[in-house]
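Trainee: Put chain B on the given structure of chain A with help from the hints.
2 protein chains.
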Amino acid sequence: MGRWEPNARGRLEQAALELYVERGYEQTPVADIAQRAGLTERTFFRHFADKREVLFGGSGRLEELCVGAVAAAPATATPLEAVTAALDTAAGVFEERGDLVRQRQGVIDANTELRERELIKLASLSAALADALRERGVGELTALLTAESAVGVLKVAFGRWMDEGQGRPLRPLLAECFDVLRTLSARGAVGAG
Amino acid sequence: MGRWEPNARGRLEQAALELYVERGYEQTPVADIAQRAGLTERTFFRHFADKREVLFGGSGRLEELCVGAVAAAPATATPLEAVTAALDTAAGVFEERGDLVRQRQGVIDANTELRERELIKLASLSAALADALRERGVGELTALLTAESAVGVLKVAFGRWMDEGQGRPLRPLLAECFDVLRTLSARGAVGAG
Chain A
1 MGRWEPNARG RLEQAALELY VERGYEQTPV ADIAQRAGLT ERTFFRHFAD KREVLFGGSG
61 RLEELCVGAV AAAPATATPL EAVTAALDTA AGVFEERGDL VRQRQGVIDA NTELRERELI
121 KLASLSAALA DALRERGVGE LTALLTAESA VGVLKVAFGR WMDEGQGRPL RPLLAECFDV
181 LRTLSARGAV GAG
Chain B
1 MGRWEPNARG RLEQAALELY VERGYEQTPV ADIAQRAGLT ERTFFRHFAD KREVLFGGSG
61 RLEELCVGAV AAAPATATPL EAVTAALDTA AGVFEERGDL VRQRQGVIDA NTELRERELI
121 KLASLSAALA DALRERGVGE LTALLTAESA VGVLKVAFGR WMDEGQGRPL RPLLAECFDV
181 LRTLSARGAV GAG
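Protein chains in written order, with UniProt numbering: chain A, 1 to 193; chain B, 1 to 193.
Hints were generated in silico from the structure; no laboratory data involved.
Remember, predicted model here, so these are calculated numbers, not experimental data.
Incorrect hints may appear among the rest.
Put simply, identical chains are the same to the list, so a pair is met inside one copy or across any two.
To be verified - Simulated crosslink set (SDA-like; lysine to any residue; CA at most 20 Å straight-line):
#1 K155 to R134
#2 K155 to L122
#3 K121 to R9
#4 K51 to A110
#5 K155 to G139
#6 K155 to E140
#7 K155 to R9
#8 K51 to T112
#9 K155 to R11
#10 K51 to R160
#11 K51 to R23
#12 K155 to A128
#13 K155 to L62
#14 K155 to E81
#15 K51 to A85
Chain A with its partners taken away, still in its complex shape (with noise of 0.2 Å):
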């Protein structure tokens, strides 16, 4: 935050990813993390709650990026297809950066601690989202369950993702889910999909 610390933010979050690889998330103090960046743990503390938190500190601006998407949809999209433009939005940040999210994600999934951080931040999306959809006059119900419902989707969609390694990109993968999820209500949906 002062000047003299140019970009600490991004250059602790890359020490950070950079050391659980590396070595691990349990075996990395925030002290090494500091190190790595060229920074003091006060400053780590000053920019992060704890060394969880260094990890998510993208999921603030994508909450705003899909936030932003939702308001500005068409007035004429339905709340499913303002949610559909918002996730769009949101792969496009993560396909341009998926070697990093693809590093980060293994670090996640390697650890109980932090598999619960991210479902918190995904229901505070989820709650984000809702509120964006109530902004357009969307009623109640109809806001939570299509916040649900995208939230569900980009789960299914990104877990996809990373398992498919390097193979299809992000957007037609959520595409393919929402196409699913629109077609679950239909009598003969015995799930050929």
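Mentor: Chain B alone, transformed into the frame defined by chain A:
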């Protein structure tokens, strides 16, 4: 588990909930829970990994119940119909124990750690529902998305049930949420729900 400790598990669960309500979760050591239940700390740790887990003893049973209901759904049921039946079964159990469920939720909502654990349990329920759907021959994406949708519906309906106090029972709330979910994909769904 020994015969000198009849229903130790249930007694510990009850004692923990009483103390968490009376004094707060953070202010209640395991020793006090064991004492209130007339048991030893050692017995506590034979049944529960920690003082968070004692609040979630029912979630394994809930999961089994839901998985059983998905398996028992008629062969002609769509995936969404199968999970609807599962949540209806689960809702019956919640309704029977309404006051306890409400007390327990109050404790969970007041504590970040507990909310995190709850999200882990819901993620586990989603995975179990997806497995149960796969067992029925449901395709991978449909299984995952149906399970995520079901857990989304459960979260929203349960939250509303808690908020409404002694208002409507849970089952009609669940049914209403599934109805809204089914209308999300309709082109005209601009959000009256």
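Trainee: Run every hint past the structure and note whether it holds.
Mentor: Results for each hint:
1. K155 to R134: Answer is between: at 18 Å across copies they meet the 20 Å cutoff, but 23 Å inside does not.
2. K155 to L122: Cα proximity of K155 and L122: in one copy and across copies (9 Å, 13 Å).
3. K121 to R9: within (19 Å within a copy, 33 Å between copies)
4. K51 to A110: within (15 Å within a copy, 23 Å between copies)
5. K155 to G139: Result: close only across copies, 17 Å inter versus 24 Å intra.
6. K155 to E140: Only across copies: K155 and E140 sit 14 Å apart there, 23 Å inside one copy, limit 20 Å.
7. K155 to R9: The answer is neither: 27 Å in one copy and 34 Å across copies each exceed 20 Å.
8. K51 to T112: Answer is both: 14 Å inside a copy and 17 Å across each meet the 20 Å cutoff.
9. K155 to R11: Cα proximity of K155 and R11: none, with 28 Å in one copy and 38 Å across.
10. K51 to R160: neither (27 Å within a copy, 35 Å between copies)
11. K51 to R23: within (14 Å within a copy, 30 Å between copies)
12. K155 to A128: both (16 Å within a copy, 16 Å between copies)
13. K155 to L62: within (14 Å within a copy, 23 Å between copies)
14. K155 to E81: within (18 Å within a copy, 22 Å between copies)
15. K51 to A85: neither (32 Å within a copy, 42 Å between copies)
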